[in-house]
Amino acid sequence: MEYAVRAEGLRKRYGATVALDGFDLGVPPGSVYGLLGPNGAGKTTAVRILATLLRPDAGRAAVAGFDVVKRADDVRRSIGLVGQQTAVDEVLSGRQNLVMFGRLHHLRAAAAGERADELLRRFGLADTGRKPVGRYSGGMRRRLDLAAGLILSPPVLFLDEPTSGLDPRGRTEVWEAVRALVASGTTVLLTTQYLEEADQLADRIAVIDAGRVVADDTPDRLKATLGGDRLDVVLHRVDDLGPAAAVVERVAGGPAEVDPDRRLVSAPVRDRLAALTEAVEALREAGLAVEDLAVRRPTLDEVFLRLTADDRTGVAA
Amino acid sequence: MTTLALDRLRWAVLDGWTLTRRSLQHWARQPGAVAVTLLFPVLMVLMFGYLFGGAMAVPGGDYFEFLVPGMYAMTMAFGVEATMIAVATDAARGVTDRFRSLPMAPSAVLLGRSSADLLNSALGLAILVLCGLVVGWRVHGSVAAALAAVGLLLLLRVALLWLGVYLGLVVRGPEAVQAVQILVWPITFLSNVFVAPETMPGWLGAVAAWNPLSATAAATRDLFGNPGWGATSWPAAHAVELAIVWPLLIVGVFAPLAVRRYRRLSR
Chain A
819 MEYAVRAEGL RKRYGATVAL DGFDLGVPPG SVYGLLGPNG AGKTTAVRIL ATLLRPDAGR
879 AAVAGFDVVK RADDVRRSIG LVGQQTAVDE VLSGRQNLVM FGRLHHLRAA AAGERADELL
939 RRFGLADTGR KPVGRYSGGM RRRLDLAAGL ILSPPVLFLD EPTSGLDPRG RTEVWEAVRA
999 LVASGTTVLL TTQYLEEADQ LADRIAVIDA GRVVADDTPD RLKATLGGDR LDVVLHRVDD
1059 LGPAAAVVER VAGGPAEVDP DRRLVSAPVR DRLAALTEAV EALREAGLAV EDLAVRRPTL
1119 DEVFLRLTAD DRTGVAA
Chain B
104 MTTLALDRLR WAVLDGWTLT RRSLQHWARQ PGAVAVTLLF PVLMVLMFGY LFGGAMAVPG
164 GDYFEFLVPG MYAMTMAFGV EATMIAVATD AARGVTDRFR SLPMAPSAVL LGRSSADLLN
224 SALGLAILVL CGLVVGWRVH GSVAAALAAV GLLLLLRVAL LWLGVYLGLV VRGPEAVQAV
284 QILVWPITFL SNVFVAPETM PGWLGAVAAW NPLSATAAAT RDLFGNPGWG ATSWPAAHAV
344 ELAIVWPLLI VGVFAPLAVR RYRRLSR
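Just so you know, the sequences run in chain order A and B. Following my numbering, the numbering of the first sequence begins with 819 at its first residue and continues without gaps. Following my numbering, the numbering of the second sequence begins with 104 at its first residue and continues without gaps.
Excised from the complex, chain B in its bound form (with noise of 0.2 Å):
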């Protein structure tokens, strides 16, 4: 490598940290909103755990040992609002503009981005995982295996970063992200995360089943040892294949979109 690509790739990464470090600084004047976002997961645990799950039969185990893996798949999808509005944002309010007009590395808005909202996720797991230890749910396999669930889980996440980053770069306006903040319940409730696709109506089912969501819910509950729908399709036994491939696909369609969205502002 040149100095000068050395030099480039040295600027990139000081200029992805300052962005980092600004969305910290966000955390820390805005602590009741984190708390809100970091929360709302732990809510619905709780909500549909207690309110459903007396209803749910799920086979080979407990409700909460079910819904909790679905619901740290579910949080990293969520996490898809939250890069589209920060980068929506700073696009609407001419912040990205500025600095297009300085002379930092271009690659360090999304990096900044990409680690902070990463950071975010990250933490919004751990707090429901102790949660879901707290209700009642266990790892049961090996401390590989859980690694191995939790790298599937980050894996969603970082791809959905992509997705989030594109659909910021399309969407006009506050009613247009309200309307795929909307989107985002059914097309996450449309998967294998609290009930079987088997029960839904026959094509919404094998929509469900397909869902990259449910591929990666499917895996982490494999991976830690919790009770699943067992393998009744082709894509619930080959959850953990689909749970790698469907996240390098998002990435493979939505990077190369976004970053010529991101090209495209100068044209």
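Bound-form chain A, shown alone (with noise of 0.2 Å):
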């Protein structure tokens, strides 16, 4: 199997609204694959198609080296599925859920009390296992949620936004679980749009944009396709941003970028000591004043927002 996950020019659309225009993927096994994009970029729509939850309009994909619409049943015995929202029993125990997702996978009564007390423990859910979930915090409900997706060990996972709504801790503790997870050689596919969070847990990130892929590689590569280090000078008046970015131009030696909002004028530079020196100097020198600067290298979110910004304004990351 090349491939644990493979995606070939998928589409689906809801009325007038396109969510995935052409859609590709390939995931190697035992990987961890960040899909990357704003809120209504495709993303939870590719993972459902993924997960046998939704029907393609047009394009095929694999997981596991099924078809998701020939083998639906074979996926779905290959697969586990995190959604967005913590998929489990609100009244139920912990360990109630567990046993009975067991045996709708199909294990026996023991095995499934078994795997559950096994999964409880892997999580750190073994002494609060007996309450109702209702009473868990967030961050145990989505651990909780992850046990239940893990019931078969299965070889590829699904997790669609999985810190969504979570709390520093919670989005900690899910990561830690996550961790542990791929150490065992499970594949990922995780959603995020946190760019962090891909940064974090991702060997490779697939930037999604418009229902299509728009950049595919490691989180480093993608930091380098800015260009290293970047100039940022942030102006006291909004009136000043035009000869600041004149300045910068002429020290960075090439265009600069200009976010009025924040009042910032940024550019890449080659040469980081250099360039804060002669900034300085020229800033002082057009009497422009300077509220602050900096050089420092790109983070990912400017590697995001350059990607899906040509045909939108203003995304916040």
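Any given hint could be a false lead.
Stated by the list, open to error - Below, a list of computed lysine to aspartate or glutamate pairs in the DMTMM-like style, where the Cα atoms sit at most 25 Å apart:
| hint | chain 1 | residue 1 | chain 2 | residue 2 |
| --- | --- | --- | --- | --- |
| 1 | A | LYS888 | B | GLU184 |
| 2 | A | LYS888 | A | ASP875 |
| 3 | A | LYS888 | A | GLU932 |
| 4 | A | LYS949 | A | GLU932 |
| 5 | A | LYS949 | A | GLU994 |
| 6 | A | LYS888 | B | ASP200 |
| 7 | A | LYS949 | B | ASP200 |
| 8 | A | LYS1041 | A | ASP1017 |
| 9 | A | LYS1041 | A | GLU1067 |
Since the hints were derived computationally from the structure, they do not count as laboratory data.
With the hints as a guide, bring the two chains together.
Given below as structure tokens:
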């Protein structure tokens, strides 16, 4: 099996809205693949098709070597799905939930019970396994949700925004659980709007926008596409943005980006120190009131914004 | 039948049982909530019987004897809410999607829901029968006729299961659920359960007379040998037939609609 997850030219539309517009993806076995994109980019639609919940209008997809439409049952035996919501029964206890899902995976009663206890231990829920899920914290629920997706130790796990709506502590808990999983060899396809999350967990990132993959690379190489260090100048007055951009472009020897909302002028630079000293002098000479000035490494946000900003303005990260 | 088909049937039943068990575990975890639902019809019987009963004159008998079979039918109708809420909650929470991503029998989701809700309604009916016996309701007909009456009541409940599943898949959000819950009241009251349809304004009386709930109520009164309003209209004269035809018609309409709606989740 060359790919654990393979999608070729997937298309899906809802009425006039095009959710997927020729979506391609190849996830090698044993890797953690981040699917990164703004709200409405098509991430969830892609995952729902790969998890057999939706039928594509066109294109093909295979998971664990099985076609998602023709061999849906085989796909379902090979995947775990952890959706955006915690899809567990709130009234039942954590253990009752896991036993139920184990039975629905056609484990015998005794085996389902053993598996439930094992998963509760593994996800740090052994002490609270008999409490109703309604009384769990957000992080605990997500961990239980993860455990419910891992009943049969599936070779492929889909995580659709696994930490949305969690506080930082809950997020860290889920990240740790995912890292432990990856160490055991599971292939993970993770969707997220948080760049930090993709950076933390994924070996490779596909940036998705308007239903198609616009970039596909390692986090480091995606960052490198922005060209190394950047010079940032934050001005006191919006009126100074124009003259400051001219100064920055001279120092950087290339075009600068201007963000009026943050009163920011920014450009990639080659030599950090020279750029910094030159910029300080040139700005002072021009008589511009500078609020902040720095040279820094690019963030994934910038890669993301640049890749997805073509047909859109002001995407909040 | 091939072994494959047999195997599928076996899993449909086993998976259905797993989901029925889930509902039974809900009862065990929320005994208070279950008690409230089961005792609510009892409260209705006591309220209507003792508060309004004195002002009601039923030809040929006591108001309780008349009221109690109607309340049986009404309890079956109220069951539609429980089914709808359970289905809507699972859909909204993503639980339905998780079931759909599992290698389980798709029909089991429905099978589990049906058997759990039917068990719940049967238990509610049993409690209400005890309540009826306490306030003076009696069976005057044969045992066979009484069993037939119970059968008609459960038939109505089975029919409304499909309506509940359909509504649960259609309604979005708690406001819509609440709207349906409120609408259940006028629809069930617009029947012969409490008063004779002939006392209502003409067209309203006709609607009440044709209400499927009226058919089941009148038919069960008849089979239990309790007093009723009499065969004052065509639907009242053919109550037993209608009490069979109406539920079958409801199944005929809403079962395909519900299945279609469930399949459309993947569109």
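Quiz item: So which hints don't hold here, by number, going up?
Solution: Structure breaks hints 1, 3.
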